[in-house]
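Novice: Following the hints, put chains B and C in place on chain A, whose structure we already have.
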Amino acid sequence: MLDTLSHNTIGKQDAIAFKLADQDFCISIGCVREIRGWAPTTVLPHAPEYVRGVINLRGSVVTVVDLSARLGFGTSEPTERHVVIIAMHEGRVVGLLADLVSDIVTISDDNIQPVPDIASDPAREFISGMITFEDGRILRKIDLERLLPTSPSMPS
Amino acid sequence: MSIRILAVDDSSTIRGLVSRALKQAGFEVYLACDGVEGVGTLPDADPHLIITDINMPKMDGFGLIESVRASAEYRSVPILVLTTESGTELKARARKCGATGWIVKPFEDDRLIAVIDKVLGR
Amino acid sequence: MSDMDEFLEMFFAECDELLEGVATGLRQMDSSEYEKETVHAVFRAVHSVKGGAAAFGLSDLVSFAHKFETVLDLVRSDALDPDPRLMAVLHRSSDCLADLVEAARKSIDPDHARREELLGELEKLIGVKDENENDDDVEFEPISIDLMSFDAPEVPESYRIFFEPNADLYRSGNDPVAIIRALDKLGETDITIDTARVPVLSEWDDSTPVLGWTVLLRTTASTAAIEDVFEFVEDCCKLEITALVAEQGDEGDGTAQTSSEDFPTVDVTAQQVQETTDDQAETVSTKAAFSPLAPTSANAGSEGRAVKSSETSSSATIRVSLDRVDKLMNMIGELVIKEAMLSQVIQTAGFAEDPEVKGGLESLRQLAGDIQESVMAIRAQPLKQVFQRMHRILREAAEATGKQVRLVTSGEQTEVDKTMIERLIDPLTHMIRNSVDHGLEDAITRKRNGKPQEGTVTLSAAHKSGRVQIEVSDNGCGINRARVRQIAEEKGLIAPGATLSPAEIDSLLFLPGFSSKSEVSALSGRGVGLDVVRREIMALGGRVMISSSEGKGTTFTITLPLTLAVLEGMLIQLNNQTMVLPITAVQETLRPEQSSLHGIGRSGRTLSNRDELIPIIDLGCIFGFREKPSASDEGVLIVVETDGHKRAAFQVDAIFDQRQVVIKSLEENYGRVPGVSAATILGDGKIALIIDPEEIVLSSHSDQGPEQMALTANG
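Residue numbers (my numbering), protein chains in the order written: chain A, 13 to 168; chain B, 43 to 164; chain C, 171 to 885.
Next comes chain A alone, as it looks inside the complex (with noise of 0.2 Å):
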C-alpha cells in the first residue's frame, strides 16, 4: 500500500515493463516486491500448464506462473537471462516467469487506452488497456487479478 502510494502521483504511476515473444508488458510497480533470478521450481502434479511450480521465497511457497503460456505464447524454456518477477496481489504472492526485464517507465493515466476489440485471443482477457509513448512503442497493461490462477484445482 505504502509503496503504491510512494510511486505514484497524481495520474502517474511506475511499472516494470518486461517483453514476452517480442511484444511489450508491463505490470504496475506497486504490485512488484521484488525480482529475482530464475531458478528451477519444484513441479506441482495436475497443475495447469502455464503453472511453472513453487519456489521458495525465504520460508514461504510461492507459486510461478508462466507468463509466455498464459498468454497463449506457448511454454517458455527457461534460461539465465529469465526473471521471475515476484508480485502481490491482495495478500497472495505469486511469481511470474518472464523474459529479461527491461525498464521502469512512467505511466500517465491519459496516456491508458482500452484494449481494443481483437477476437478472443487468449492474452486480451489478461491486459487491462494499452500504454501509447511518443516514439511509437507500446506496452501491454497486465492485469494480475485476472492472471492469476484461480482455482487451481479447477484450472480453467
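Among the hints, a few may not be true.
[Stated by the list, open to error] Calculated lysine-lysine pairs in the PhoX-like style (CA-CA distance at most 20 Å, straight line): (1) LYS133/B to LYS408/C; (2) LYS528/C to LYS508/C; (3) LYS497/C to LYS508/C; (4) LYS722/C to LYS621/C; (5) LYS206/C to LYS100/B; (6) LYS138/B to LYS408/C; (7) LYS621/C to LYS573/C; (8) LYS508/C to LYS856/C; (9) LYS497/C to LYS588/C.
[What the hints assert, rightly or not] Computed footprint of chain C on chain B, listed as stretches where at least three residues anywhere in the stretch have a Cβ under 8 Å from a Cβ of chain C: (10) 49-57; (11) 141-151.
[What the hints assert, rightly or not] Between beta-carbon pairs, the in silico distance windows are: (12) GLY662/C to GLU92/A: 48 to 54 Å; (13) ASP596/C to GLY68/B: 46 to 52 Å; (14) LYS24/A to GLU358/C: 55 to 61 Å; (15) ARG494/C to LYS138/B: 45 to 51 Å; (16) ARG817/C to GLU89/A: 40 to 46 Å; (17) GLU70/B to ILE116/A: 48 to 54 Å.
Keep in mind the hints are simulated off the structure, nothing from the lab.
Computed from a prediction, not measured in an experiment: that's the story for all the values here.
In this text, a Cβ means the ideal position worked out from N, Cα and C, and glycines have one as well.
Specialist: Positioned in the frame of chain A, the structure of chains B and C alone reads:
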C-alpha cells in the same frame, strides 16, 4: 505532580477506552477489574479520583464506593460512577453509597474529561 | 483511527470470552441446581457486551443486548422462572447475540429477521414489567453535552448563586471548592462566604455543615451551563440561581451587597475558601471515624494484601497476539531448515565425522527441538471453546430435524494447537450434524426399539500416544451397510459384488462423490459429504476413522498430531523430484523379487507379501510425472496402510532419507493439489511436496488404478 485516577471496570474494552482518554488528558491511570481489586489498588494508586463501573463480579460498584467511604484515608476521594444505566433509582442508590457523580456510557472523551475537571475543580 | 480499531479488536476479543461465559452459564441454568451467582455472571457478561458495543455505536448489538439483559435481570430478581421454555429463548438469544457480534466484527449486515423475532420473544417475556421502556430508548443515545455548545448569550449576564451544602455533599466526595472553581471558569466571580450559622465553639456540632456561599457571576454561559456545575450536588445542597437584570449596567458588586443584606458577609479569597472547607472536611471525617461502619484498618489491610497476591498471579500471564507466536513458530521452522542445510553442507565438506562438529550439531538440533516444543506449548489451547460451540450446533440440528438430542462432552481441557482449534470447527460441526441427521433415529423409532427417546451424541477428547484423539459418537441406528454398498455401486465407486469387509464399507462414506442426492437433507446435506470432513482433517495432518455397530450407534474417531508444524517424513525420489511421505503411514519398504509380483489384466499389478495381495500404485503415474508405470522390478516399493486398514504398495524410484520436515501450506498461495497434503523446504532450500497417502490409496480404490486418480484430479 500528575493527577492519579483509578478506573475500575470488569470490561477490558471499557478499561482500555477510559485509560486512553485519561492518559491523553495527562492523567496518571491505575486500573482494576472489579471492586475487590479496586480496593486493593488504593494504597498503590493513592488516587485523586476514582471512576467505577457498577456491575462487576466479586464486589460491585456500590460495594467499592462504600468501602472507600468507610476507609480512613480515602473517604473524601471523589468517585464517579460509569454506567450504562441512567435511571434515577440507580443514581439515588449510588449517591446513598457516597458516589460523587456519574457518567453514562457510552461516554465521549471530552465529556469524561469535563466531568472529571469539574469534580476536581480544575 | 487505527487507535480506535485496536480497541474495537480488543472489544471483539473480549466478546468471545463474554459470550462463552453466557453460553456456559445458561447451560448451568438448564439444570435446576444452579447457583444464583451464575445468573449474575450471565447478566454481567451480557451487560458488558452492551456497554462495549455502546462505546462503538454498534446499535443493533446494544438494543438486543439490552432486551436480553432485561430478561436476565427479571430472572435474577426471581420475577421470571427459568423454565425450559424460557431457557430455550435465552439459549437462542445467546446464539443471536453471538451472531450479532460476529456480524459487527465482519461489518456485515446481521440476520435482521432472526434478531427481530427474538426481540419480540424477549419483549413478550418482559411484558408490562418494563415500565421504563421510554427511558431505555433514550438511554443509549450517545450523551454529548458539550458545555460550550449551550446557546450562549453573547452579552455577559449576571447571576446570583446561593449555595449551601449539606452533609451529604461532603460525604459523597464532592467539594465546594471545586464547584466554586467551576463557576469561576465560567466568567468573573465575586464570592462571599456566609458564616452566620457558625456557632460558638461550645455549641459546635460537627454533623451539620454550617457554611454557605453567595457567588456573583458575570458570564456569557447559559443558565443550563451554570446548573450543570451543580449536576452532582443538586440533591445535597440548598441552591438558588437568580438571574440579575443588568438594567443600569449594574456591576455585580452592588447587587451583591443589596442581596446579602440578610446576613453578615465576609469577603474571602479562593485561598480562604480552600482553608475553611478543609476544616469542615476534617470535621466530617473525624466524625466518621467513630462511625460503626468504618472497618478496622487491619481489616482493610488484609483485604488489600489478598488482592495484591492475586494480582501478582494474574500478572504472570500476558496476552500476546497470535501473529507474534506464529512468527516465532515460522522462525523456528526456519531454524530447523537451516539446521538441515548446515548438516548437509558439513556432510559435503567431509567434516561430518569430526567429533566436535558432530557434538555441536547434535546440541543445536536438541536446542531447536526444545524451542519448538516450548512454542508449541504456548500455542496449545484447550478444546473447550470448540466443544462449547458444538452445543449450539447440536441444538440447531435437533431443532431442524425435530429430534430430541443431548450432547455429552468430556475431555474439554485437552490441549491442541491453536490453529488446529479453529480448523476443527467446520469438520466437527459437520460430524455433529451428520450424527443428529443420519445417526440418530427419531423419537418414535427409538421408542419402538426400546431406546430412550432422547438420543445422545458424545463428544470427547484425550491425548493418546503423542497424538490427540477426538471422538464423535451417537447411540443411534448405526450405518446401514447394505444401503451404503448399494449407493457406492450405483455411483461406480466400487465394482458390483466386490468383496468388502464391514470396515471397508464404512469407509466408503469418506469417498469423494459418495454423498448422493438421496442422502442430501436440509441439514447436513448441501452437497457436502464426509469426504470434505476427511480432507479437512487430513490437511491438519490427522486421520478419521469410522466404526459402527448396527442398532447401537456410530463413532467417528479423529486423531491429530500435536502440532501442525512438523512431521516425520521419508524422502523419496520420483523422476528427479524429491517428495516426502509421512512416516506414520509407512509399514515397510522392500525391493520386490520378481516372483512376488503379479500382473492383473492390462495395467493392474499386485505384490504378494506375507500371504496378502497388495495393489501396486506407481506414484510417478499418479502425479503425472510419467505416462507409463516403471517396470515392476525397478525402484522401491513402500507398503502403506490407510486408516481404514486398506493397504497399497507405492512404487518410487528411490528412498534416500528420513527426517523431520517443517510443514508449509500449499493452499495459501496456490491451492489444493490432489494426492498432496502440504509442502516443505529441504536442506538445499528447494521445496518438496508432502504426499497424502490416504487420499492416493482411497482414490485409486480397489482395481481402478491410476487413471481413476488422474480423473479425480482433473474433475
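Novice: None of the hints should be skipped; say for each whether it holds.
Specialist: Verification of the supplied hints:
1. LYS133/B to LYS408/C: Given pair LYS133/B, LYS408/C holds - Cα atoms ~19 Å apart, limit 20 Å.
2. LYS528/C to LYS508/C: 16 Å, holds
3. LYS497/C to LYS508/C: 16 Å, holds
4. LYS722/C to LYS621/C: Judged against 20 Å, a Cα distance of about 10 Å means the pair holds.
5. LYS206/C to LYS100/B: 13 Å, holds
6. LYS138/B to LYS408/C: 18 Å, holds
7. LYS621/C to LYS573/C: 14 Å, holds
8. LYS508/C to LYS856/C: 12 Å, holds
9. LYS497/C to LYS588/C: 14 Å, holds
10. 49-57: holds (count 5)
11. 141-151: holds (count 9)
12. GLY662/C to GLU92/A: 48 to 54 Å: About 50 Å separates the Cβ atoms of GLY662/C and GLU92/A, which means 48 to 54 Å holds.
13. ASP596/C to GLY68/B: 46 to 52 Å: 49 Å, holds
14. LYS24/A to GLU358/C: 55 to 61 Å: For LYS24/A and GLU358/C the Cβ distance comes to about 60 Å; the hint holds.
15. ARG494/C to LYS138/B: 45 to 51 Å: 48 Å, holds
16. ARG817/C to GLU89/A: 40 to 46 Å: 42 Å, holds
17. GLU70/B to ILE116/A: 48 to 54 Å: 53 Å, holds
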